[in-house]
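Engineer: All chains, full assembly: derive it from the sequences and hints.
Listed below are the residues making up each chain.
2 protein chains.
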Amino acid sequence: MAGCGMSWLKILGAVIVGALLLTVGILLGHFAIPKGGNGQGAPSWMQTVGRDLSESLLQSFMDQVESGKIRENLKSLASQPHMATTKGDEELVKLLLSRWQDPQIGLDSASEDVYGVFLSFPDPQRPNSVAVVENSSQIFSTRRSEKNVTADQAHADVVQPYAAYAPPGNPRGRLVYANQGKHSDYQELVNMGIDLNGTIAITRYGGAGRAAKAVNGAEFGVAGVVVYTDPADINDGRASEEETYPNSWYMPPSGVERGSYNGYFGDLLTPYYPAKEFTYRIKESEIQGIPPIPTQPIGFEDAQTLICDVQVNVHNQRVIKNSSNVMGFIRGSEEPDRYVLYGNHRDSWVHGAIDPSSGTAVMLEITRVLGKMLKEGTWRPRRSIIFGSWGAEEFGLIGSTEYTEEFYSKLRERSVAYINVDISVFANATLRAQGTPPAQSVIFAAAKQVQTPASSSVSVYDNWRNHFNRISPSYGVIPNLGSLGAGSDYASFIHYLGITSMDIAYTYDRNKTSARIYPAYHTAFDTFDYADRFIDPGFTSHQAVARTAGNVLLRLADSLVLPLNVSDYGEKLEELYSVAAQGDFLANLTVNNLSLDPLKTVIGRFKSVAADFNQRVTKLKEEESPSPLQIRMVNDQIMLLERAFLNPQAFPNKYYYSHVIWASKSSDEATFPGLADAYTSALETGDWDQVRKHLTIVVQAVESAASALEAMA
Amino acid sequence: MAGCGMSWLKILGAVIVGALLLTVGILLGHFAIPKGGNGQGAPSWMQTVGRDLSESLLQSFMDQVESGKIRENLKSLASQPHMATTKGDEELVKLLLSRWQDPQIGLDSASEDVYGVFLSFPDPQRPNSVAVVENSSQIFSTRRSEKNVTADQAHADVVQPYAAYAPPGNPRGRLVYANQGKHSDYQELVNMGIDLNGTIAITRYGGAGRAAKAVNGAEFGVAGVVVYTDPADINDGRASEEETYPNSWYMPPSGVERGSYNGYFGDLLTPYYPAKEFTYRIKESEIQGIPPIPTQPIGFEDAQTLICDVQVNVHNQRVIKNSSNVMGFIRGSEEPDRYVLYGNHRDSWVHGAIDPSSGTAVMLEITRVLGKMLKEGTWRPRRSIIFGSWGAEEFGLIGSTEYTEEFYSKLRERSVAYINVDISVFANATLRAQGTPPAQSVIFAAAKQVQTPASSSVSVYDNWRNHFNRISPSYGVIPNLGSLGAGSDYASFIHYLGITSMDIAYTYDRNKTSARIYPAYHTAFDTFDYADRFIDPGFTSHQAVARTAGNVLLRLADSLVLPLNVSDYGEKLEELYSVAAQGDFLANLTVNNLSLDPLKTVIGRFKSVAADFNQRVTKLKEEESPSPLQIRMVNDQIMLLERAFLNPQAFPNKYYYSHVIWASKSSDEATFPGLADAYTSALETGDWDQVRKHLTIVVQAVESAASALEAMA
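Chains as they are written, first to last, in UniProt numbering: chain A, 1 to 713; chain B, 1 to 713.
The hints are simulated quantities; they were obtained by calculation from the structure and are not laboratory data.
All clues given are correct.
Where chains are identical, the list cannot tell them apart; a pair therefore holds if satisfied intra-copy or between any two copies.
Below, in silico cross-link-like pairs of lysine to aspartate or glutamate (EDC-like), each with a Cα-Cα straight-line distance of 20 Å or less: (1) LYS283 x ASP689; (2) LYS69 x ASP532; (3) LYS410 x GLU710; (4) LYS410 x ASP636; (5) LYS619 x ASP337; (6) LYS283 x ASP687; (7) LYS75 x ASP89; (8) LYS693 x GLU277; (9) LYS693 x GLU286; (10) LYS276 x ASP689; (11) LYS372 x ASP108; (12) LYS693 x GLU284.
Structural biologist: Structural data, given as structure tokens:
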């Protein structure tokens with residue numbers, strides 16, 4: 001059988017071929033045939049359930065944000081006055097809907113939600129005025145409208161200056177100067193021996209809320225209130241025509257700040273319920289916190305003319321009108337039942353180029369880029385995104401509040417965070433952000449990835465830290481994240497629903513101006529021209545805000561683990577605690593047999609539990625392929641932390657306020673709000689029981705928060 | 001090159017070998033090498049994330065439930081009096097802890113939670129009494145204790161009969177019979193010309209709550225209240241010694257029903273906050289709903305002796321004492337952050353064999369079997385299970401309420417359902433279950449799998465349907481699931497937290513007895529002997545309850561999709577609506593310009609949305625391997641449906657009640673409670689605005705519920 005035997009070489013070759021075939025087979029078997037139960041394919045959700053934020057997509061988003069588009073948006077948005085429920089507002093509703101329903105750059109869907117809300121308007125036939133009278137003849141009357149300087153002011157739809165919700169009436173009396181109209185301001189006049197009964201108080205903006213100036217005055221017998229803008233407060237002292245708009249950003253002498261004279265927020269007739277047709281409305285006489293006496297704002301030109309006896313003539317009318325929110329939706333791919341909310345109001349007082357259209361222009365640019373990626377099929381967020389263009393904010397955050405009332409339950413259970421960008425650019429010096437502590441980490445992460453308009457080598461984060469900073473016990477010198485009050489549409493999200501909220505804008509260099517706010521605020525001079533020439537020529541600050549806020553939005557919507565650092569709450573709790581735990585505050589507590597020990601203990605517990613939580617999250621993130629339910633569990637803990645601070649019983653007399661850490665307060669003590677108010681009140685009344693009660697409320701809230709972050713057994 | 005060419009045969013052989021090698025490779029590659037990212041193993045959670053209820057395990061659980069073990073449990077539990085916070089109670093705390101921490105049959109862990117709660121006890125040195133007095137001499141006094149018939153009554157720790165929270169005092173006055181002490185009962189006496197001032201009212205149990213008898217009486221000037229048990233109400237008329245215990249289940253003439261005279265629930269000094277050391281306590285004078293005048297319960301033997309002038313001598317003392325909950329935990333394997341809660345109170349008035357130890361005996365048998373499976377490694381639930389042995393229930397559901405206050409936020413976010421089994425066997429005729437509508441489906445499913453004690457061929461479900469049934473528009477004749485009031489520890493779970501709750505027991509054949517409740521209730525005759533001889537000889541009804549409740553528990557803990565049918569709420573909403581939408585109710589609404597149309601519309605919307613939801617769930621369940629996040633999403637919708645009905649603003653004057661569908665009401669109208677009360681009140685006062693308001697509240701609640709079940713975009 002010799003001759004044709006296989007040589008070793010051949011055998012070797014066959015073995016190699018065989019091995020190759022086996023290997024190819026193994027590879028094919030392993031990689032080419034999908035695995036799954038019952039020999040079928042692996043479930044398709046396996047491919048996406050662990051999807052995380054894509055940094056390249058984030059970069060691509062930011063690259064696509066164009067300043068020129070934002071400028072175009074603003075030009076359209078501010079082309080005419082668009083006060084809530086007016087024709088201009090209705091046209092913007094259509095604009096928003098058409099953008100968000102656009103086949104190329106639209107969202108998944110958009111809708112218009114209508115509420116019948118209680119508003120207040122001046123009577124076009126009978127203009128309000130403040131008149132100087134001598135005997136029975138009028139020797140001077142304030143102007144009916146602002147001076148026409150850029151044609152915008154002559155638009156037929158410019159609303160005359162007025163104090164929304166101030167009652168009509170024509171009180172006449174001696175004029176007294178009551179500073180800012182604070183309670184203490186009126187008290188001081190009385191202490192000086194001045195009889196305020198039947199007087200007209202002239203007050204300047206600032207110090208007290210708008211409505212408070214009249215509410216306080218009425219308590220002292222004042223018959224009418226006039227509110228003016230002091231050039232020292234808003235114009236860095238500039239008061240002449242030459243120094244003001246259209247020659248600079250300062251308010252002209254004829255400028256008048258309009259505003260809502262309303263101490264609460266939401267529709268005044270339907271607290272806690274959406275203002276739908278079927279909804280019960282309280283009586284007008286039951287409304288709290290609006291001026292009980294005629295009140296009228298005027299410009300500083302008129303203010304310096306007023307002397308002796310004046311008459312305030314107010315013809316405002318209250319009326320229920322339909323106001324719309326425009327809502328836009330992008331469905332989440334993996335967790336459609338988790339919502340990231342982004343909103344801004346749509347209504348202005350006049351043209352509202354800065355307030356609010358600078359924010360709407362930014363929102364529309366963000367939705368354009370996201371909508372494009374969505375329609376191209378290159379992106380769909382992990383979680384759902386909801387955009388809100390709120391109506392009737394200027395009258396008291398009405399649209400956003402009605403929205404939270406209508407969808408209270410759903411929003412409370414499913415909302416990850418709310419991002420508010422109202423006025424996006426006050427000035428172009430630096431970022432300014434407010435928010436609750438968990439928002440800090442995501443805002444910082446975004447701000448580090450955006451360049452400043454001024455220099456591509458400086459990040460928005462570094463520039464921000466240069467302007468506003470603080471020393472953090474955990475991080476050293478960092479930008480100072482401000483606290484949220486109730487000044488824009490985030491109010492009901494944080495105070496009523498307990499949703500982690502934030503507000504983002506570009507703002508002033510405080511070394512360059514001390515203006516209380518940008519000078520054209522709520523006047524007929526807040527126009528596109530004003531924005532284009534003085535606030536942000538080139539719209540690069542708008543672009544920086546769009547990139548930062550959009551970056552935050554994408555991180556919240558796409559990150560596998562929510563990018564909110566819960567342990568940052570510990571620092572805030574310590575800070576609020578430390579105010580009560582020293583000096584007179586502590587001494588007074590001790591004298592009254594009140595101990596801060598339980599509070600100290602529970603804050604310590606919160607910090608330790610939060611640190612453990614973060615360690616567990618870090619370990620989970622390091623896993624090759626973490627369980628989707630484990631991820632969901634920690635995300636739910638992060639999302640719901642803020643809810644654990646809610647207590648609907650804590651502040652029974654304050655509509656909506658139920659977040660124990662952030663509720664409004666009257667006291668100057670910079671500690672927990674309920675504790676601060678109870679303490680200040682106890683100093684006068686001796687009611688230390690209320691202090692004890694509010695200590696319990698705070699301890700219980702912090703304990704709940706700690707408990708919410710604990711490991712599951 | 002001829003001669004050594006390979007033959008075709010050889011080539012064929014090589015091809016075959018090659019193909020085999022390739023195939024082996026493919027098979028090895030596909031099956032032998034685990035798949036996963038980066039070529040690593042498939043994540044281990046893939047094996048378990050879709051795990052569903054095991055029917056065979058369920059059957060095994062039920063098979064292991066032994067009536068004999070329950071009997072042993074009850075013998076231990078009821079061996080001595082164990083009123084809240086007494087030595088007997090403390091010993092049961094240890095018993096519970098040792099069972100739940102047992103290495104063979106224990107749970108994952110157990111703990112003792114202590115609260116300092118406000119209780120009321122008689123003074124052992126100065127027994128309370130009701131005495132007949134003539135001039136200044138006492139000619140009769142009620143007995144100090146029940147007659148000793150089985151030695152149990154002579155136990156040193158038997159508490160003398162008293163009305164917990166009734167104030168001390170010795171009022172003396174003419175005795176008047178005031179029926180059940182309802183407001184209308186006293187009013188009738190006044191209408192008959194009887195001056196109630198300074199009288200002692202004798203009232204029988206039933207009709208009005210215990211506290212209400214005294215609260216109402218005090219309004220009419222009554223100085224003291226005596227409460228007795230009428231044999232007609234509790235003993236089917238039997239009143240002699242021969243006819244009563246120890247010769248039958250009926251209450252002996254000396255028997256006295258103790259009880260808490262407390263109109264609310266939870267610790268009275270710390271509403272809304274856990275009664276911890278740091279917690280603020282309101283003043284005793286601020287407590288609402290307890291008797292303002294001395295009150296004392298007596299037996300019917302003594303009741304028939306009372307004539308003319310009597311003196312009520314009450315020496316009760318109020319005190320803050322430590323009361324414990326014992327908590328047991330089993331960690332869920334897949335969803336540890338979802339809780340199924342199961343509880344019963346531990347404290348009794350005396351030996352409490354039936355109330356509550358029959359429930360505790362059942363709970364301990366359930367935990368024994370589950371603990372065994374757990375320790376053997378044959379089972380771990382998908383979701384976490386929490387068992388609660390509540391303290392101080394008899395004084396006003398205190399332990400369970402404090403628990404919900406302390407862990408409000410966590411429980412609200414994570415609880416799937418609460419199962420309460422208090423008195424597990426009132427009598428052995430039929431199952432009796434109460435719950436909110438979503439509980440119906442899971443209770444039915446369980447009841448169908450358990451045999452009745454009487455016959456192995458009849459299911460608990462069929463027997464139940466024979467005893468209590470109704471015609472359902474959706475299902476035809478089905479067992480009637482009762483509504484939850486506030487009679488046991490489910491109260492704060494459903495009313496305050498909005499957690500789907502249920503209460504399960506075995507009970508009477510109403511053709512055989514009309515007893516208001518089992519006759520030894522709250523007396524010294526509620527003993528092991530009583531249970532063993534009269535209530536459930538053989539303990540087979542206890543066993544049926546343990547199997548049914550345990551079956552419900554396992555279904556809730558293990559089912560992939562929660563076995564709660566949300567669409568069953570639609571039927572209840574329709575039923576409540578229909579009461580208002582007809583007859584006088586409707587006529588009065590119409591006259592006052594109030595329309596039910598929005599309510600009708602929104603209930604229709606709820607039903608349609610719920611039906612769609614169920615269809616989506618059915619489709620999802622049919623998928624081979626549904627996405628764990630999709631499953632979690634629908635489970636969260638099911639879990640949180642009940643929460644959508646909560647409104648903390650709806651009933652500002654009723655502690656804890658915030659569930660719009662189930663709040664307490666005073667009106668007899670069987671419609672939505674707020675609407676019913678507002679309507680009844682408007683008939684008197686003409687305040688139809690409140691009716692309008694409560695219509696809004698109901699519409700908004702149902703709308704929220706519908707919205708919570710909607711598809712995610």
